[in-house]
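Given next are the chains, with one letter for each unit.
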Amino acid sequence: MKIYLLCLAMIIPAQPVWAELSGSVSYEYRHFPNQARYSGQHEDNSSIALQPEIHYQWDNGRQLFSFVPYIREDEHDDARSQTDIRELSWLKASEIWELRVGIRKVFWGVTESQHLVDIINQSDLAANTDGEDKLGQPMINFALIGGYGTLDLFVLPYFRERTFPGEKGRFHGPVYVDTEQDAIYQSEDKEKHIDYAARWAKSIDVWDIGLSQFYGTSRAPRFTIGLNAKGQAVLIPNYDLIHQTGLDMQATIESWLLKLEYIHRSSDLESYAAATAGLEYTFYGIFASTTDLGLVLEYLYDDRDQAASTPFENDILLGLRFAFNDEQSTDALFGVIKDAEKGTTIYSIEASRRIGNAWKLSLEARYYEEVDTKDQTLYSIRDDDYIQMELSYYF
Amino acid sequence: MKKILIAITLGLLSSNICFAQTAEEKGLAIAVEADKRDTGWQNSSTEMFMTLRNAQGQESKRQMRTKTLEVSGDGDKSLTIFVQPRDVKGTAFLSFTHSKQPDDQWLYLPALKRVKRISSANKSGPFMGSEFAYEDISSQEVDKYTYKYLRDEKIDGKDCFVMERKPTYEHSGYTRLMTWMDKEMYQARKIEFYDRKDTLLKTLNISGHKQYLGKFWRAHKMEMTNHQTKKSTILEWKDYQFKTGLNSRDFDKNALKRLR
Chain A
2 MKIYLLCLAM IIPAQPVWAE LSGSVSYEYR HFPNQARYSG QHEDNSSIAL
52 QPEIHYQWDN GRQLFSFVPY IREDEHDDAR SQTDIRELSW LKASEIWELR
102 VGIRKVFWGV TESQHLVDII NQSDLAANTD GEDKLGQPMI NFALIGGYGT
152 LDLFVLPYFR ERTFPGEKGR FHGPVYVDTE QDAIYQSEDK EKHIDYAARW
202 AKSIDVWDIG LSQFYGTSRA PRFTIGLNAK GQAVLIPNYD LIHQTGLDMQ
252 ATIESWLLKL EYIHRSSDLE SYAAATAGLE YTFYGIFAST TDLGLVLEYL
302 YDDRDQAAST PFENDILLGL RFAFNDEQST DALFGVIKDA EKGTTIYSIE
352 ASRRIGNAWK LSLEARYYEE VDTKDQTLYS IRDDDYIQME LSYYF
Chain B
17 MKKILIAITL GLLSSNICFA QTAEEKGLAI AVEADKRDTG WQNSSTEMFM
67 TLRNAQGQES KRQMRTKTLE VSGDGDKSLT IFVQPRDVKG TAFLSFTHSK
117 QPDDQWLYLP ALKRVKRISS ANKSGPFMGS EFAYEDISSQ EVDKYTYKYL
167 RDEKIDGKDC FVMERKPTYE HSGYTRLMTW MDKEMYQARK IEFYDRKDTL
217 LKTLNISGHK QYLGKFWRAH KMEMTNHQTK KSTILEWKDY QFKTGLNSRD
267 FDKNALKRLR
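Residue numbers (my numbering), protein chains in the order written: chain A, 2 to 396; chain B, 17 to 276.
It is worth saying that the hints were derived from the structure and are not from the lab.
Be careful, since some hints might not be right.
Claimed, not checked - Here are a few chain A residues that face chain B, going by a calculated C-beta distance under 7 Å: (1) 23; (2) 56; (3) 60; (4) 108; (5) 251; (6) 256; (7) 285; (8) 291.
Here the structure is a predicted model, which is why all the values come from computation and not from measurement.
Ideal placement from N, C-alpha and C gives every residue a C-beta, glycine not left out.
Input sequences plus hints: build the corresponding full structure.
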């Protein structure tokens, strides 16, 4: 680590052409209308998060240094109180390649309901169960760029364990995931197993296509039952080695977006395919206003059926996205994910609005209905409907 | 002798064509000349400041960095990086404009590190909640309109051509645009926008023209007033730079994620 920092210090010129310090600090309040099922859980929770960002850019934008630490302090859940380095990286771009070294975040994919293809970064499920929050991933990423598109090659020398809500947090069943003790790895190298990934991406006319391959430690664990320090039963994450092939594509035609994500994943224990296919249509300026209304329809499939590790083996998402295009950039997304066979239904609302020039108010709510016992991960949190308000200040 | 005769005849013929020029032909000729005079700048980068004012006089500010690449034979490529308001800092917008086909557009969301291909059908929607629509700020290609020269008129003591433009692309919010084009600079000084019902929607006043590289004019202030909502937006430019060595690699999806 010291050598790595020294290298960075040598790369950064003494007088950067362009530098900035920015970031955000947010206060979040969650209310759970249903009484907690397990001892130590609460109906109300406050949390504060700080994420400063430092960026140095020079060489006419062809070199960039970024440092983004992240600190969260949670009122009740120790597992949610954490410090992470989301980014600590140096990037250099030439005419035909880009080299990106350090801790970074990379996103792959096109769909809205779930991100199957996206595999480089570990999910920070303690921060939010929707999986959109990610932990920083150490990597060497070399990209070849040309008329053939972009070919990204990744060497991922260190594995990050998934975070989960702790014993005193909501969103867990009778046994919580204990991340305090060592996880179980298939590889003898454990978290030091070197993972590899490659992705080719190209825009051709109305199409944006990505083809990817990953070999290494699965970001999504299996679980086995173990005991915590107090002798209580807990879930211990088991990380297998997997191969994953992914395809993501989108066609953008007039007001239509047609989307597909497909993965094939195999380990020593299982081999399966999963897909998300859908479309998005936007009505611009509805009712002679400046408001845009987007309709999102997606089908979520997993060929393991009820044995799937996610509850989305045969489900449909219907979403309504409102963008008011006002000075405060007000927007709202209403979504329903319904199981095609069973009763399981998830309702969600996400809305936000800027206040003044530096503040933003966000609202998030989720409601679970008729959760089937077969949808295990959702069944264990069926009483954890919540409404969340977040006030952020940007500097 | 024969050659001279032919030359004179040709000269007469062409001047005849000139006299017989219809209002549409003259309008198009003005647009072609304006386009010709603004060819060869290769690439530019600038800082954009936007002040939004609502009917009650409340203001909000926007700040962006814009890089533009001239593409011969097609529309320009542009990359806009948002600086203010701070909650959208780092958000970037990449656009490949085309004269005939719909534009290609991508949006980069820095919090998710996600590049989204977005529909370019949203021509008439407001840009960043302002009175400028996407179609007002995108690259102006000759083929995007039909033209009709109407008359000559002075604006601020400067001689201008007054012409009517009608969008040829789909999804425009306008039936026509009345444009006052400075005869010396071949740059617009004023534009009136008529909505789909052909009523006056907005007026754009353009000022602070400065010449760069001894050739290319750039306006430094634009004030758009919406007559129907009584809102207005002022756009100002600072620090224009040309030929800074930018090329197509600074206008691809990789650059979108990289530039701050």
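Results of checking the hints against the structure:
A least Cβ separation of about 6 Å between residue 23/A and chain B falls short of the 7 Å threshold, and the interface hint therefore holds. The interface hint given for residue 56/A is met, as the beta carbon of that residue sits about 5 Å from the closest beta carbon of chain B, less than 7 Å. Violation of the interface hint for residue 60/A is found here, the shortest Cβ-Cβ separation to chain B being roughly 11 Å, above the 7 Å cut-off. Evaluation of the residue 108/A hint against chain B yields a held restraint, the C-beta minimum of about 4 Å falling below 7 Å.
This hint holds: residue 251/A has a C-beta 6 Å from the nearest C-beta of chain B, less than the 7 Å allowed. A least Cβ separation of about 5 Å between residue 256/A and chain B falls short of the 7 Å threshold, and the interface hint therefore holds. Hint status for residue 285/A relative to chain B: holds, with the closest Cβ pair at about 5 Å, below 7 Å. For residue 291/A, the interface hint holds, the least distance from its beta-carbon to any beta-carbon of chain B being 5 Å, beneath 7 Å.
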